[in-house]
Amino acid sequence: MSHSDHIPFELSHIKMDMVNEQACLLRFADHIDDTVADAIGLVTRQLRDLAGIIDTIPSYTSLLVTFDVEHHDRFAICQQIQTLLDNLDMTEVTSRASREVVIPVYYAEEVGPDLQEVAKHCDMTVEEVIQLHSQTTYRAYAIGFTPGFAFLGNTPKALHIPRKNTPRLKVPIGSVAIAEQQTAVYPSVSPGGWQILGRTPTPLVDWQSDSLALIEVGDSVRFEPISRAEFLAQGGQLDGF
Amino acid sequence: MAFNVIKPGILTLVQDLGRYGYQHLGVTTGGPMDEFAFRWGNALLDNHANAAQLEITFGMLTLEAQAPTSIAITGADLAATLNNKAILPWQTYALKTGDVLTFNQPNLGLRAYLAVKGGLQIAPVLGSVSTVMREALGGLTGKGEKIQKGDVIPFLSTTEHQQRITPRLAIPNYEQQNIPMVMSYQFNTLSGLDRARLFRNEYSVTAASDRMGYRLSGEAINGDKKGIISEGIAYGSIQMPNDGQPIVLLRDRQTIGGYPKMGCVTSIGGGLLAQKKPGDSIHFQCLSIGQAEQERQRKMSLLSQLR
Numbered sequence: 027m028s029h030s031d032h033i034p035f036e037l038s039h040i041k042m043d044m045v046n047e048q049a050c051l052l053r054f055a056d057h058i059d060d061t062v063a064d065a066i067g068l069v070t071r072q073l074r075d076l077a078g079i080i081d082t083i084p085s086y087t088s089l090l091v092t093f094d095v096e097h098h099d100r101f102a103i104c105q106q107i108q109t110l111l112d113n114l115d116m117t118e119v120t121s122r123a124s125r126e127v128v129i130p131v132y133y134a135e136e137v138g139p140d141l142q143e144v145a146k147h148c149d150m151t152v153e154e155v156i157q158l159h160s161q162t163t164y165r166a167y168a169i170g171f172t173p174g175f176a177f178l179g180n181t182p183k184a185l186h187i188p189r190k191n192t193p194r195l196k197v198p199i200g201s202v203a204i205a206e207q208q209t210a211v212y213p214s215v216s217p218g219g220w221q222i223l224g225r226t227p228t229p230l231v232d233w234q235s236d237s238l239a240l241i242e243v244g245d246s247v248r249f250e251p252i253s254r255a256e257f258l259a260q261g262g263q264l265d266g267f
Numbered sequence: 046m047a048f049n050v051i052k053p054g055i056l057t058l059v060q061d062l063g064r065y066g067y068q069h070l071g072v073t074t075g076g077p078m079d080e081f082a083f084r085w086g087n088a089l090l091d092n093h094a095n096a097a098q099l100e101i102t103f104g105m106l107t108l109e110a111q112a113p114t115s116i117a118i119t120g121a122d123l124a125a126t127l128n129n130k131a132i133l134p135w136q137t138y139a140l141k142t143g144d145v146l147t148f149n150q151p152n153l154g155l156r157a158y159l160a161v162k163g164g165l166q167i168a169p170v171l172g173s174v175s176t177v178m179r180e181a182l183g184g185l186t187g188k189g190e191k192i193q194k195g196d197v198i199p200f201l202s203t204t205e206h207q208q209r210i211t212p213r214l215a216i217p218n219y220e221q222q223n224i225p226m227v228m229s230y231q232f233n234t235l236s237g238l239d240r241a242r243l244f245r246n247e248y249s250v251t252a253a254s255d256r257m258g259y260r261l262s263g264e265a266i267n268g269d270k271k272g273i274i275s276e277g278i279a280y281g282s283i284q285m286p287n288d289g290q291p292i293v294l295l296r297d298r299q300t301i302g303g304y305p306k307m308g309c310v311t312s313i314g315g316g317l318l319a320q321k322k323p324g325d326s327i328h329f330q331c332l333s334i335g336q337a338e339q340e341r342q343r344k345m346s347l348l349s350q351l352r
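Taken in order, these protein sequences are the chains called A and B.
Here the first sequence is numbered in our numbering, starting from 27 and rising by one per residue.
Here the second sequence is numbered in our numbering, starting from 46 and rising by one per residue.
One or more of the hints may lead you astray.
[What the hints assert, rightly or not] Taking lysine-lysine and the BS3-like style, the derived pairs with C-alpha atoms no more than 30 Å apart in a straight line are:
no., chain 1, residue 1, chain 2, residue 2
1, A, Lys190, B, Lys194
2, B, Lys191, A, Lys196
3, A, Lys196, B, Lys130
[Said to hold, decoys possible] Calculated Cβ distances over 12 Å to all of chain A for the following chain B residues:
no., residue
4, Gln68
5, Val227
6, Arg240
[Unchecked claim] To give an idea of the interface, some chain A residues facing chain B are shown, with a C-beta separation under 10 Å as derived from the structure:
no., residue
7, Thr70
8, Ile80
9, Ile103
10, Ile241
11, Glu242
In short, the hints are calculated from the structure, not lab data.
For glycine and all other residues, C-beta sits at the position ideal for the given N, C-alpha and C.
So here's chain B without its partners, still in its complex pose:
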């Protein structure tokens, strides 16, 4: 029982919440670029929070179900269709044998999640199925490959189905330009003028953005210019290379680095950023650690109300 991959999409990857416990050996975490969209997919189906899903970037994916099951689609609106009829994200659908599920092109956001009842049945590598292409780890074969035409993606069949929709107030606004961040790392080395620039300016997402990092462009921040002694890079780190154009380091980031960092986008901020396309603009919005924590707990409590 599985999906047959008719069209593989631009970038379709198997993901769970990520590969933890190996960063001291230089192994990155991987995991869903939009963590909350991923969590909602599993919550809608009563799956384990870590159950494996597909992360579909941009679209152009067509799957055929070989057996009945129940699915949830969350995240970006990639103009999905079920047997050529338009369907919306943030809810569950029942699939029958032979049903064809297609993700076309983005209407809103960039990355959609396809969760299946019980989770995709894939063997983990180092405790996770998350696909990290650069490190050749995870995914269907364990070797870090993206989904390809002709792949067979296994799931457990079921005719059990519950119609469920994510509550409206829990669905993120992917048009929001404000990306919450906290000040940390070398923020204190910034001049007052650079701090003002960082929070006042708009930055646009460049085409060189990927799962490792989002490269932004805008008025340069001069900062300290000097490199630092290489140190661990936390999720969401806002790195300031010599050209003063910030790079926000996300799920597939390197574990250590020697460029100064101005702080970190929050887990919610990183999820919103990951739904932006090249050319979209953003603003950094400053939160305290406590506020960031509360915001995360509020989002998590909406999820647990459903469970």
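If we strip away everything but chain A, and leave its shape as in the complex, we get:
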């Protein structure tokens, strides 16, 4: 995710290709950076309101758009998308500041079993790991793996650590973890190979509520350390491993 050695991103560089008879892929750039992510976030929000578009999948450098071909003409939808892209400008992209989501985290070994290993690998104390992880502002570049699982980047270089050699079969809900240059919260119980630092009491997804998922692609995300008492008071659970 480097910023160097790349042609600066411009909206006129976006390429649109059909990938099957019902979906097209918009390729914004061939490298990951914040301007690209801003543009993808903005286009995604605007496309969702267009007639004939039933699904969008924003990711690091691209946006997949699925059409309702039962009720709409493919060429008409493509034309609408092109018009929308032609009318965007970079000032609009950069002026629409992204939302900031703050996630409380109880960092401790009872819910963060990899804290020691991360500290050792990064040649830091556990306190320094916690400080560094919670003082950085991240961006949601993509969502996937499981519903609501947001890939957040970039962790500071000093915190880079590979995934575990053997993934855990069961990572508890709310686990906050890191791997390479990314960090994430596990929204549901799932297998997982990332290094776990702590746990949040805040639900990442709630399909019964209107908000559905706490984090969307393009959001800024910060982690705020909380005490054991605060974690428990906010409904946090200690079991799960």
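Use these hints to put chain B onto chain A, whose structure you have.
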């Protein structure tokens, strides 16, 4: 008014056309593995196109009707019987209270659809009743469970019944080996030799195939080998992992992924593929986007002629 589940079958799932509008949050679409068989079920009964049905994979399902209704069976021939008398798919049947409907084992194809007049009466989750077990969404309880013994599957009773049969030319040939696909995504990174391999070779369906993806085995395609920056995975994507054995991603696919993709099987191709069993072989047949679109429109117009 409902079906009582006497035997639950190997994998019986409530499905509608799928859960759309949530893929940006990582939620997959689900939906019928054989979309056109599903659409014919609802068309034969004059149901809404999205009315909930049962997708019956492999068979071994026995249901008892608690009230009269009208049903349609489409898709695979799973040696179905009504009160122990053999019945054929692609047509409607009237059910009386106490009638017993059984799906045994596949004669042809793998997945049958059972549609009921007015649709199964099930509350949607995120706008759909489609069952996605991996995501714990949809189905009878909303929690993504497959149909189990003792389940009660509600429908609206009716004594109204129209005898209808799907026109012969609209019934797919599940023995067809050609699976139509379009070239897209990273197809251009394939060498000429790999392109020839992809279209010349036969691939066989492996036992590790499911609603998420069909894993194929055949001569390896080397491709680009390198991963790509994770991007959205469209229906039918033909993913090429490092071992060069293609995986065709279907209804329950993950929303994003970092393996190169050679293109997508079409919606019709994916439906045909979903009727294949482990050990069956297939061929990829290349279409342009325009041809794939025309083929789909032709199939859809046959459906609308009935309506």
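Return the numbers of the hints above that this structure violates; sort them in rising order.
Hints 1, 3, 4, 5 and 9 not satisfied by this model.
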